[in-house]
Amino acid sequence: MPANDLPSDAEIIAGAYAERLRDLFRVLAESVATGEPERDAIVRFRRGLVTARRVYAAAIETMNEVDKA
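As numbered in the numbering used here, residues 1 to 69 make up the sequence shown, in order.
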């Protein structure tokens with residue numbers, strides 16, 4: 001953590017990513033538990049996971065670019 005006891009940008013981004021993955025998993029588990037076809041739930045989970053990974057990578061890359069400037 002920085003000296004001011006606030007989380008760093010990277011920690012915030014990583015935390016948001018972890019939270020998003022937890023949400024995606026919860027939705028997957030609830031969908032299957034309530035009788036939605038597993039295949040459909042997995043397709044939606046996969047789409048969300050791919051998007052979350054892409055956004056996470058873009059955020060980290062942008063943060064690194066800003067830090068270099």
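Any given hint could turn out to be false.
[Unchecked claim] Using 25 angstroms as the maximum straight-line C-alpha spacing, the simulated SDA-like pairs for lysine to any residue come out as follows: (1) K68 x V27; (2) K68 x F25; (3) K68 x L24; (4) K68 x Y56; (5) K68 x L28; (6) K68 x G35; (7) K68 x N4; (8) K68 x L49; (9) K68 x A14; (10) K68 x R26.
Hints listed in this document are in silico derivations from the structure and should not be mistaken for laboratory results.
Checklist entry - Taken at face value, is the distance from the CA of L28 to the CA of K68 at most 25 angstroms? => result violated (39 angstroms)
Checklist entry - Are the Cα atoms of K68 and F25 separated by 25 angstroms or less? => result violated (35 angstroms)
Next on the checklist: Tell me if the straight-line CA distance from K68 to V27 falls inside 25 angstroms.
Outcome noted: violated (38 angstroms)
Item to check | 25 angstroms Cα cutoff - pair K68, N4 | outcome: It holds: about 21 angstroms lies between the C-alpha atoms, which stays within 25 angstroms.
Item to check | Holds or violated: K68 to G35, with C-alpha atoms at most 25 angstroms apart | outcome: Violated, because 49 angstroms separates the two Cα atoms, which is more than 25 angstroms.
Next on the checklist: Can you confirm whether the C-alpha distance between K68 and R26 stays at or below 25 angstroms?
Outcome noted: violated (37 angstroms)
Item to check | Pair hint outcome, K68 versus L24 [Cα-Cα no greater than 25 angstroms] | outcome: Measuring from Cα to Cα gives roughly 33 angstroms; hence the hint is violated.
Checklist entry - Taken at face value, is the distance from the CA of L49 to the CA of K68 at most 25 angstroms? => result violated (29 angstroms)
Item to check | Pairwise hint evaluation, Y56 against K68, where the allowed Cα distance is 25 angstroms at most | outcome: holds (19 angstroms)
Item to check | Restraint check for K68 with A14, where alpha carbons must lie at most 25 angstroms apart | outcome: holds (20 angstroms)
Checked against the numbered hints listed earlier, the structure breaks hints 1, 2, 3, 5, 6, 8, 10; every other hint is satisfied.
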